[in-house]
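Here the structure of chain P is known, so what remains is to put chain A in place on it, guided by the hints.
There are 2 protein chains.
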Amino acid sequence: MEGKGPYALDFDEILPDDVLSQKTPEKTERLMLELAIEKTMQQKQTKIEDLQFFIAGDLMNQIISATFAARTYAAPYLGVYGACSTFAEALGLGAVLLQGDFAEQVLIGTASHYQSAERQFRYPIELNIQHIASNHHTVTGAGAAILGFSDRGPRVTHATFGSVVDMGIKDALDMGSAMAPAAFATLTQHLKDTNRGLEDYDMILTGDLGKQGRKMLRVLLTNTEYSGLERLQDGGSQIYGDGQKTGAGGSGAACIAVMTLGYGLNMLKSSKAQRILIVATGALQSPTSVLQGDSIPCIAHAIALEA
Amino acid sequence: MEGKGPYALDFDEILPDDVLSQKTPEKTERLMLELAIEKTMQQKQTKIEDLQFFIAGDLMNQIISATFAARTYAAPYLGVYGACSTFAEALGLGAVLLQGDFAEQVLIGTASHYQSAERQFRYPIELNIQHIASNHHTVTGAGAAILGFSDRGPRVTHATFGSVVDMGIKDALDMGSAMAPAAFATLTQHLKDTNRGLEDYDMILTGDLGKQGRKMLRVLLTNTEYSGLERLQDGGSQIYGDGQKTGAGGSGAACIAVMTLGYGLNMLKSSKAQRILIVATGALQSPTSVLQGDSIPCIAHAIALEA
Chain P
1 MEGKGPYALD FDEILPDDVL SQKTPEKTER LMLELAIEKT MQQKQTKIED
51 LQFFIAGDLM NQIISATFAA RTYAAPYLGV YGACSTFAEA LGLGAVLLQG
101 DFAEQVLIGT ASHYQSAERQ FRYPIELNIQ HIASNHHTVT GAGAAILGFS
151 DRGPRVTHAT FGSVVDMGIK DALDMGSAMA PAAFATLTQH LKDTNRGLED
201 YDMILTGDLG KQGRKMLRVL LTNTEYSGLE RLQDGGSQIY GDGQKTGAGG
251 SGAACIAVMT LGYGLNMLKS SKAQRILIVA TGALQSPTSV LQGDSIPCIA
301 HAIALEA
Chain A
1 MEGKGPYALD FDEILPDDVL SQKTPEKTER LMLELAIEKT MQQKQTKIED
51 LQFFIAGDLM NQIISATFAA RTYAAPYLGV YGACSTFAEA LGLGAVLLQG
101 DFAEQVLIGT ASHYQSAERQ FRYPIELNIQ HIASNHHTVT GAGAAILGFS
151 DRGPRVTHAT FGSVVDMGIK DALDMGSAMA PAAFATLTQH LKDTNRGLED
201 YDMILTGDLG KQGRKMLRVL LTNTEYSGLE RLQDGGSQIY GDGQKTGAGG
251 SGAACIAVMT LGYGLNMLKS SKAQRILIVA TGALQSPTSV LQGDSIPCIA
301 HAIALEA
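Chains as they are written, first to last, in our numbering: chain P, 1 to 307; chain A, 1 to 307.
Careful: at least some of the hints might be erroneous.
No distinction is drawn between identical chains; accordingly, a pair holds when it is met within one copy or between any pair of copies.
As the list claims (entries may be wrong) - Only pairs whose alpha carbons sit at most 27 angstroms apart, straight line, appear in this in silico DSSO-like list of lysine-lysine:
| # | residue 1 | residue 2 |
| --- | --- | --- |
| 1 | Lys4 | Lys47 |
| 2 | Lys170 | Lys23 |
| 3 | Lys272 | Lys39 |
The set of hints was computed from the structure by calculation and includes no laboratory data.
One chain only, chain P, in its complex shape:
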């Protein structure tokens, strides 16, 4: 589905199917992450021994996709979890390790799979439960990147790590509404810290707010000093085409990863953009916390990238 959507040409590879001859979707998800890493290492002509860190996470309980990929690519491993914001947490931490002189090359990665997420967080797909309009469709995909020092290529210039925001929303089938305030908090904190406006970025790519959350973020920003709302784009809302029946849009750890590493980097490389801001959001509930009546704690991390 992602390979038939509007951003298909931005992705480095479209896999032939979502099974890859694996017995379970969890094993497919893991393999996809390994394939993404393999491709990245080939592109950069890097060996695992050259990497000082591998930072990764995913949606699976105990982040097994990341861990098993870390078994295959055995660099010092830092497992992270930020739900759909995981990629930005890894990207920001990777940049920290480079700038602080703790590493010369850092591998980051994440993956998600519609089937593994659906059966862990919602229902087994065999039940064929009808989705409501505010529901997100977990992106089946994987993204990996090697961060390092180089004279060319896009650079990470800023990372604003967000605090948890929870406005009391309990509906796990409307994660966009829950996450929009976290995106708002981190975005405005970033702009305040850097003394920038939305216009300082050619694109602000939020992660997985979806059609509902995207609207809410715009409403929240309307009552502020910030203009330039037309620069806001949302990876979740856009990754699927209108005819693809995916509710509010895409989500999952892979969503902002493939939209950033595909669409975002291509914008920078082709000079369609000089400076973009990624605002990756995550809904940090678990099925257990939802069943126990808790609301949905959310987070967002902002990463600025320059050509």
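Just chain A now, with coordinates in the frame of chain P:
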């Protein structure tokens, strides 16, 4: 049980029970972490606004204990997962953020609870399943610390982050055997990197190897250049007394946290030790990966502390 064990006097607080008037063990676990944070902030007379980061994780799916604590203490939040090694990952990353000049004060924390872990990873305790001797007993506890720059108090001097090691062991009821090779790999890497021997530390405190894993680590070290094996201690093996019927010993994210922040720091503060090394191990399987026939990927992170 932890408060009746041999290290009871090392802990800052023994809670009256393992329920704390909460409806579920997951909520108790979360509350324990919040209580540990509250106490740490009081001891250090620090406010949440003074903290640039909160790094935390736990054993629960989607690390909800850490996340909900991060909602209560809303500093920029980095969720991490390394099973029982989580504390060391947070401690090492916190030190990185300080040394790299990204923060002045970093809060770290973790928690685990016997009941929440037992029902998530094994069986509901109501089933009263008989435990085998190699099984670990998840520590009910929480630990939190504020890292910063100070003239006094123990210092983090080195962090060696480990790679994933998987020797093919599939028995999730014998995590000690699975984790010992990871502890060995990180410990020897640390000694090699720092050009030190075991004798350079007054104590090497491994995390949660338990009685079985502790034996295996000694066997692995016997065939090396390293002497001073009597300096090895293991938090998991030691946290409970011999009469407490806890199989191979303690485990859980809280185990190495409370043994380090209680026992370890007291050793340093009382000058019984000048330099200690924490080697926190983690078994990174999930119930799903075990059911799907995978072996147990393991990790260990080593952190050196000096008085």
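Now the hints, each set against the structure:
Within a single copy, Lys4 and Lys47 get their C-alpha atoms no closer than 32 angstroms, and across copies no closer than 50 angstroms, so neither meets the 27 angstroms cut-off. In this assembly of identical chains, Lys170 and Lys23 lie within 27 angstroms of each other by CA distance solely across copies; the values are 18 angstroms between and 34 angstroms within a copy. Only within a single protomer do Lys272 and Lys39 lie at most 27 angstroms apart by alpha-carbon distance; the minimum there is 25 angstroms, versus 51 angstroms between protomers.
This entry does not satisfy hint 1, going by the numbered hints stated previously; all others are met.
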